[in-house]
Amino acid sequence: MSAELSRRVEELSELINFMYFYKTHIQYFQSSVIRILRQYLKEQPDTALKFIVKCSEYCNNYDFPDAWARSVRENRLISVKVSEILLDFGNRIGTSDTETQLRYTEYYIAEIRKHMIIAEEKERDNKKLYIILGISAGLLSAIMII
Amino acid sequence: MKIKNSTEYAINLLPSRVREILTQLSPEIMNTAYEIRLRENRPLTLFGKYGTVFIDEKGICSSKFSDSSIIISKDEINECFGRICEFSVHSHQKDINNGFVTTDFGNRVGICGTAVCENGVIRSIRDITSLNIRIAKEFFGCADGLINDFNGESLIIAGPPNSGKTTVLRDFARQLSNGKTGRYIKTAVIDERREISAKFGGQIINDLGITCDVLDSYPKKDAIDIAVRTLSPEFIICDEISTLEEIESIKRGINCGVKFAVTVHAGSIDEILHRRQIEELIDTYSFRKLYLLDNSDNIGRIKAEYDIGELRNEIYRCRIGFDNVYTDRAENVG
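So the sequence lines, in the order shown, correspond to chains A and B.
Residue 137 in this note's numbering sits at position 137 of the first sequence, with consecutive numbering throughout.
Residue 26 in this note's numbering sits at position 26 of the second sequence, with consecutive numbering throughout.
Treat the hints as calculated values from the structure; they're not laboratory data.
On a predicted model such as this, the values are computed, not experimentally measured, just so you know.
We put the CB at the ideal spot given by N, CA and C, even for glycine.
Check the hints yourself; a few may be wrong.
Stretches of chain A that chain B covers, calculated by requiring three or more beta carbons in the stretch to come under 8 Å of a beta carbon on chain B [what the hints assert, rightly or not]:
(1) 55 to 65
(2) 124 to 138
Calculated cross-link-like contacts (lysine-lysine; reagent style DSSO-like; alpha-carbon spacing at most 27 Å) [said to hold, decoys possible]:
(3) A:114 x A:23
(4) A:23 x B:199
(5) A:50 x A:122
(6) B:221 x B:94
(7) A:42 x B:259
(8) A:23 x B:94
(9) B:199 x B:186
(10) B:64 x B:49
(11) B:259 x B:49
(12) A:81 x A:122
(13) A:42 x B:4
(14) B:4 x A:54
(15) B:199 x B:289
(16) A:54 x A:42
(17) B:180 x B:137
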C-alpha cells in the first residue's frame with residue numbers, strides 16, 4: 001500500500017515534469033507533439049510514464065489523438081481521475097496556437113498538482129500509520145514478554 | 001507503411017477512405033499528378049498531366065464529374081488538416097496564417113477557410129473548407145538550359161504558377177554546387193518554405209549538391225544577410241521574391257559580391273515589365289538574364305529569355321508612355 005502510494009507520487013511528479021518539458025518545447029522550438037514525445041523518451045529512457053512509451057509506438061500506426069487515447073486507457077496504473085485529465089489534455093494538445101497551448105498546459109499542470117498533493121498527504125499519513133503500528137506492535141510484544 | 005517519396009507522403013496525409021482508393025490507382029495517374037484537391041462537400045480532384053481528374057468510389061478516373069465521384073466531407077477535411085499539421089497547429093501557425101503548410105518531402109498544402117483577424121492581422125484560420133496538396137517533384141536535368149547558358153552572373157527565373165520555377169531552381173542549385181559549370185560553386189539555398197530542400201524527419205532529402213548550404217524556414221530577408229555574413233557564399237538561391245524588404249537584402253548581398261538566382265511570379269513579358277519587384281531587381285545592375293518559363297507539361301521549358309539591359313530600357317520606355325516592343329515578339333527558345 002505504502003509502496004503503491006510512493007509510486008503514484010513519483011508518477012505524478014514525473015507527469016508534471018513531462019508537461020513542463022512539453023511546455024518548453026512548444027515555447028522555444030515549436031516542435032510537433034510527436035517529436036516532443038520522442039525527444040522526451042530519448043532524454044528519459046527509464047521514464048515511469050509507460051503510457052508515453054506506448055503512445056510513441058502507437059504513433060507509427062495511428063494518428064496522434066488516437067494513439068494518446070489508446071495508451072492512456074490501456075495504462076491501468078494511472079488513477080481514473082488522472083486518466084480523465086490526461087484524455088482531456090490529449091484532446092487539446094496540438095489543436096491551437098502556441099499561446100493557447102501554453103495556457104492549457106499550465107491548467108493541466110495545476111490539475112495534476114492537486115492530485116499529487118493529495119497523494120503526498122496520503123503517503124505521509126500512511127507512513128505515520130506504519131510508524132504508529134510498529135511502535136504499538138513493539139510495545140505489545142514487550143508487555144507480553146514481561 | 002514505409003514512405004518512399006513525396007507522392008506516397010501526400011497520399012498518406014489524406015482521409016482514410018480516400019487514401020485507400022488512391023493507393024489502388026494506376027501509378028501512371030498518381031505519378032503524373034501535381035495536385036490533390038479536397039473541397040468540403042465537393043468532389044476530390046487530381047490535377048496533373050491529364051488535366052483535372054475525378055475519381056469515383058471504385059477508383060475509376062474520369063475527366064467528367066459524375067454522381068459516383070468521391071465527395072469530401074467536413075470531417076475528412078479536418079482529418080486531413082490534422083495530419084498535415086502533424087496534430088500540432090502551434091508548430092505551423094505562422095504558415096497557416098499565410099495560407100499554406102509545407103509538409104515533409106516538400107509538399108506544399110494550400111489552406112482555405114475563414115480568417116480570424118485582429119487589428120487587420122490574420123491571427124488564425126478556422127472552418128477549413130479547401131486543401132490543395134501540391135506534390136513536390138524532383139526533375140534532374142531540368143535546369144540544363146540555364147546551366148548551358150551560365151556565365152557566372154546573377155539571373156532571374158520568372159513563370160506563372162505550376163511552371164516549375166522551384167523545380168528548376170532546385171536543379172540549378174544542385175548543378176552549381178556539384179561543379180557542373182566547371183568548378184564547385186559555394187551555394188547557399190534560402191528555403192523559407194522548405195520546398196527546395198524538402199525534409200523528412202528533420203533531414204534534407206532532396207539532392208542539392210555537395211557544396212550547398214541550406215537555410216530553411218528563415219525569413220528570406222534575414223537569411224540572405226545571415227548567409228552573406230556567415231557562409232561566404234558565391235551564389236545565393238532564393239525562391240519567390242515578393243517583398244521590397246527581400247529585395248533590399250538582395251541588394252546588400254550584391255554589394256558584398258554575391259551572385260543570385262531568384263524566381264518571381266510573372267506569366268508574360270507584360271507582367272514582367274509591370275512588376276515593381278522585377279524592376280527593383282533589374283535596377284541593381286547585377287542581373288544579366290531573365291528566363292521566362294511556361295506551364296506546359298515539359299518542366300523547366302524556357303519560353304523566352306531576355307537580356308536585362310534590354311528589359312531595363314523597355315521599362316524606361318513604359319514609364320514614359322511608349323508601348324513595349326516585346327509584347328509581340330516573345331522569342332520561343334525552348
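Quick rundown of the hints versus the structure:
1. 55 to 65: holds (count 3)
2. 124 to 138: violated (count 0)
3. A:114 x A:23: Given pair residue 114 of chain A, residue 23 of chain A holds - Cα atoms ~19 Å apart, limit 27 Å.
4. A:23 x B:199: 25 Å, holds
5. A:50 x A:122: Measuring from Cα to Cα gives roughly 23 Å; hence the hint holds.
6. B:221 x B:94: 16 Å, holds
7. A:42 x B:259: 42 Å, violated
8. A:23 x B:94: 18 Å, holds
9. B:199 x B:186: At roughly 21 Å apart (the allowed maximum being 27 Å), residue 186 of chain B and residue 199 of chain B satisfy the hint.
10. B:64 x B:49: Holds: residue 64 of chain B and residue 49 of chain B sit about 16 Å apart, inside 27 Å.
11. B:259 x B:49: Violated, at roughly 35 Å.
12. A:81 x A:122: It holds: about 16 Å lies between the C-alpha atoms, which stays within 27 Å.
13. A:42 x B:4: OK: residue 42 of chain A and residue 4 of chain B at ~25 Å, within 27 Å.
14. B:4 x A:54: Satisfied, since the Cα-Cα distance of roughly 25 Å is no more than 27 Å.
15. B:199 x B:289: Violated, at roughly 31 Å.
16. A:54 x A:42: 14 Å, holds
17. B:180 x B:137: 21 Å, holds
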